[in-house]
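Visitor: Now for the letters of each chain:
2 protein chains.
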Amino acid sequence: MNKSPLTPFALEAYLADRKRDVEEHLFASLPAAETQPAILAEAMRHAVLSGGKRLRPILCLAAAEAAGGSAADACCAATAVELLHTYTLVHDDLPCMDNDLLRRGQPTVHARYGEAVAVLTGDALQTLAFEVLASTPERRTGTVARLVKELAAAAGAAGVIAGQVEDIRYAAAPTRAVIDFVFQHKTADLFKAACRLGAIAAGGDDDTAVDRLARFADGLGFAFQIVDDLLDAQEALADGTPELSCLAVMPADAARDWARSLTAQAVDALDGLPGETAPLAALADRLLTRII
Amino acid sequence: MNKSPLTPFALEAYLADRKRDVEEHLFASLPAAETQPAILAEAMRHAVLSGGKRLRPILCLAAAEAAGGSAADACCAATAVELLHTYTLVHDDLPCMDNDLLRRGQPTVHARYGEAVAVLTGDALQTLAFEVLASTPERRTGTVARLVKELAAAAGAAGVIAGQVEDIRYAAAPTRAVIDFVFQHKTADLFKAACRLGAIAAGGDDDTAVDRLARFADGLGFAFQIVDDLLDAQEALADGTPELSCLAVMPADAARDWARSLTAQAVDALDGLPGETAPLAALADRLLTRII
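Respectively, the protein sequence lines represent chains A and B.
For the first sequence, counting from 1, position 87 maps to 87 in my numbering; every step adds exactly one.
For the second sequence, counting from 1, position 207 maps to 207 in my numbering; every step adds exactly one.
For reference, chain A alone in the conformation it holds in the complex (with noise of 0.2 Å):
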């Protein structure tokens, strides 16, 4: 990891005006909350404005800088990215997968406002990701209909909901192709969707961005994913049900060279981007770093 500028990137401050920004971007986003009815309002802005790293929606804008454009071109398509993010938690969290009461310390929208509530405010966030990505400044003719082709692929049946299918299908005793297949879909797809769109609404070219990007997303999802797993084990969850891990198939150490070299490979794939990567390289290095 050789790629650390000699003055070292200020990533907490970065991070900190990022999440400032993605944050304003999600609340202007969401129906008011006098918007009839008022329940399905107040359940959005619980899910979406209770906290969160904003991983995504930040290496969208990053990757948009990446790409040589500017974050401002990928402002829709970041806020897109994490309202999309949010439905698949609020799905998740439902008692018919994982029943989770709690998310970031906070009540989960089913346990605050009940199932049915919880459904159909997965839904509205979904339909809004759409919604809000549509509303991308077109640089070129097709731009949206590329964003959005490019987002429901990653999101859909062949991307994220086949990820969690084969997660709760598979979560007390996976396969090794199991593990490939649902950090792949469930996690990397959205972190690459993230850093394509941001690219694609920057105006970047195939070869020289969206794909270095992809592949740098790529590599960050998996890892961020075994960094989780090494993370849930040292807190030693005892309740709950089973969760879907890769220390189910390998021992700690090997996930961690895992992810040691997955980063590794993932900054080498920003060599040769027309914009400014010292973001991205210092962001993969801190997700990393949580388990050093």
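It is worth saying that the hints were derived from the structure and are not from the lab.
Remember, predicted model here, so these are calculated numbers, not experimental data.
Check before you lean on any hint, since a few could be wrong.
Far from chain A, by Cβ distances over 10 Å, these chain B residues were calculated [claimed, not checked]:
hint: 1; residue: Ala33
hint: 2; residue: Gln106
hint: 3; residue: Ala172
hint: 4; residue: Gly203
hint: 5; residue: Glu243
hint: 6; residue: Leu247
With a Cα cut of at most 27 Å, we get these calculated BS3-like pairs of lysine-lysine [claimed, not checked]:
hint: 7; chain 1: B; residue 1: Lys149; chain 2: B; residue 2: Lys19
hint: 8; chain 1: A; residue 1: Lys149; chain 2: B; residue 2: Lys149
hint: 9; chain 1: A; residue 1: Lys19; chain 2: A; residue 2: Lys53
hint: 10; chain 1: B; residue 1: Lys53; chain 2: B; residue 2: Lys149
hint: 11; chain 1: A; residue 1: Lys53; chain 2: A; residue 2: Lys149
hint: 12; chain 1: A; residue 1: Lys149; chain 2: B; residue 2: Lys19
hint: 13; chain 1: A; residue 1: Lys19; chain 2: B; residue 2: Lys149
hint: 14; chain 1: A; residue 1: Lys149; chain 2: A; residue 2: Lys19
hint: 15; chain 1: B; residue 1: Lys53; chain 2: B; residue 2: Lys19
Here are a few chain B residues that face chain A, going by a calculated C-beta distance under 7 Å [claimed, not checked]:
hint: 16; residue: Leu40
hint: 17; residue: Met97
hint: 18; residue: Leu120
hint: 19; residue: Ala124
hint: 20; residue: Val144
hint: 21; residue: Ala152
hint: 22; residue: Ile161
hint: 23; residue: Val165
Here a beta-carbon is modelled for each residue, glycine too, at the ideal position from N, C-alpha and C.
Chain B: place on chain A using the hints.
Guide: Coordinates of chain B only, in the frame set by chain A:
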């Protein structure tokens, strides 16, 4: 209702032809049966290919023609509207909503594949709707962006989902205001989107085509829902949870008059459209004659 052509329009043959076209496009849009995970591909096919009148996509195609374009212009939009409608049915049937075990004589998705898969199947059908819609050929820059925004606005937290939230909350004891709200959003908003999307995809002008077709579809959507309530009352369904009905706030005669008057106004709105309106007028008459 003096719009009927001298030669009566052959509606049955028209509907059968269009239904076949719509189902071919739906079939082609779905994941192949061998797609992994197989249970998701199978559940999506079960939900989409288990029959139905295909009324909304047929309206979309007919609207494209009434706006002066061809049905082919609107084929992605029509497919998207039906996928969107199907996702709402899959989620409405869930145990936490209407808890229906049968739809069109077949087990519902949750009854056959379990609740978790049903939630994810509905999610994937919504995603697919936007993916297919984004494949609409762009006659003008911004067409796809507008189509996505229009469908999302109709389907989202200010449209169909708002209607469904209020339907669930007030099914047992609706007021007239609730009836108007639910009929508008749960039913008419998607009828309206079907016609608007068809007209926009066909390059229709806002004043002369899109808005007129929207007025037609709005009236038709209300009339359709009133007729549905009248038919449900005739069938005297004894089982199941109470369903929201306009007959809770008006006698059957008043409901029939309301449906007749809305249909007449809807057909009037077709005046002055640049293309063929006979199928839409005939369809409006047919929906009404179900109660005469």
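Visitor: Compare the structure with each hint and give your call.
Guide: Verification of the supplied hints:
The beta carbon of alanine 33(B) sits about 12 Å from the closest Cβ of chain A, which is more than 10 Å, so the claim that it is off the interface holds. Under the 10 Å C-beta cut-off, the non-interface status given to glutamine 106(B) relative to chain A holds; the minimum distance is some 20 Å. Remark: the non-interface label on alanine 172(B) is consistent with the geometry, its nearest Cβ contact in chain A lying 14 Å away (cut-off 10 Å). Every CB of chain A is more than 10 Å from the CB of glycine 203(B) (nearest about 15 Å), matching its label as outside the interface.
At the 10 Å boundary, the C-beta of glutamate 243(B) stays outside the reach of chain A, the nearest C-beta of that chain being 15 Å off. Every C-beta of chain A lies more than 10 Å from that of leucine 247(B), the closest at about 23 Å, which supports listing it as non-interface. Taking the CA atoms of lysine 149(B) and lysine 19(B), the gap is about 26 Å. The hint holds against a cut of 27 Å. Under the criterion of a C-alpha separation no larger than 27 Å, the hint pairing lysine 149(A) with lysine 149(B) is consistent with the structure, at around 14 Å.
Note on lysine 19(A) and lysine 53(A): the hinted pairing holds, with a Cα-Cα distance of about 7 Å set against a maximum of 27 Å. Taken as a hint, the lysine 53(B) and lysine 149(B) pair is honoured in the structure, with Cα atoms around 26 Å apart against an allowance of 27 Å. This hinted pair checks out: lysine 53(A) and lysine 149(A) have alpha carbons roughly 26 Å apart, not beyond 27 Å. Distance restraint check for lysine 149(A) and lysine 19(B): the Cα-Cα separation of roughly 26 Å lies within the 27 Å cut-off, and the hinted pair is therefore satisfied.
With a CA separation close to 26 Å, the supplied pair lysine 19(A) and lysine 149(B) stays within the 27 Å bound. Taken as a hint, the lysine 149(A) and lysine 19(A) pair is honoured in the structure, with Cα atoms around 26 Å apart against an allowance of 27 Å. Between lysine 53(B) and lysine 19(B) the CA atoms are separated by roughly 7 Å; this keeps the pair inside 27 Å, and the hint holds. Of the supplied interface hints, the one on leucine 40(B) holds, with its beta-carbon coming within about 5 Å of a beta-carbon of chain A, less than 7 Å.
With a least beta-carbon distance of about 5 Å to chain A, the hint placing methionine 97(B) at the interface is held under the 7 Å criterion. Nearest Cβ of chain A to the Cβ of leucine 120(B): about 5 Å, under the 7 Å cut. The hint holds. For alanine 124(B), the interface hint holds, since its Cβ comes within 7 Å of a Cβ in chain A; the closest pair sits about 4 Å apart. The interface hint given for valine 144(B) holds, since its Cβ lies 4 Å from the closest Cβ of chain A, which is under the 7 Å cut-off.
Interface hint status for alanine 152(B): upheld, as the beta-carbon distance to the closest one in chain A is roughly 3 Å, under 7 Å. The beta carbon of isoleucine 161(B) is positioned within 7 Å of a beta carbon in chain A (closest approach about 5 Å), and the interface hint is therefore held. Given the 7 Å rule on beta carbons, the hint for valine 165(B) holds: about 5 Å separates it from the nearest Cβ of chain A.
Every hint, counting from the list given before, is met by this structure.
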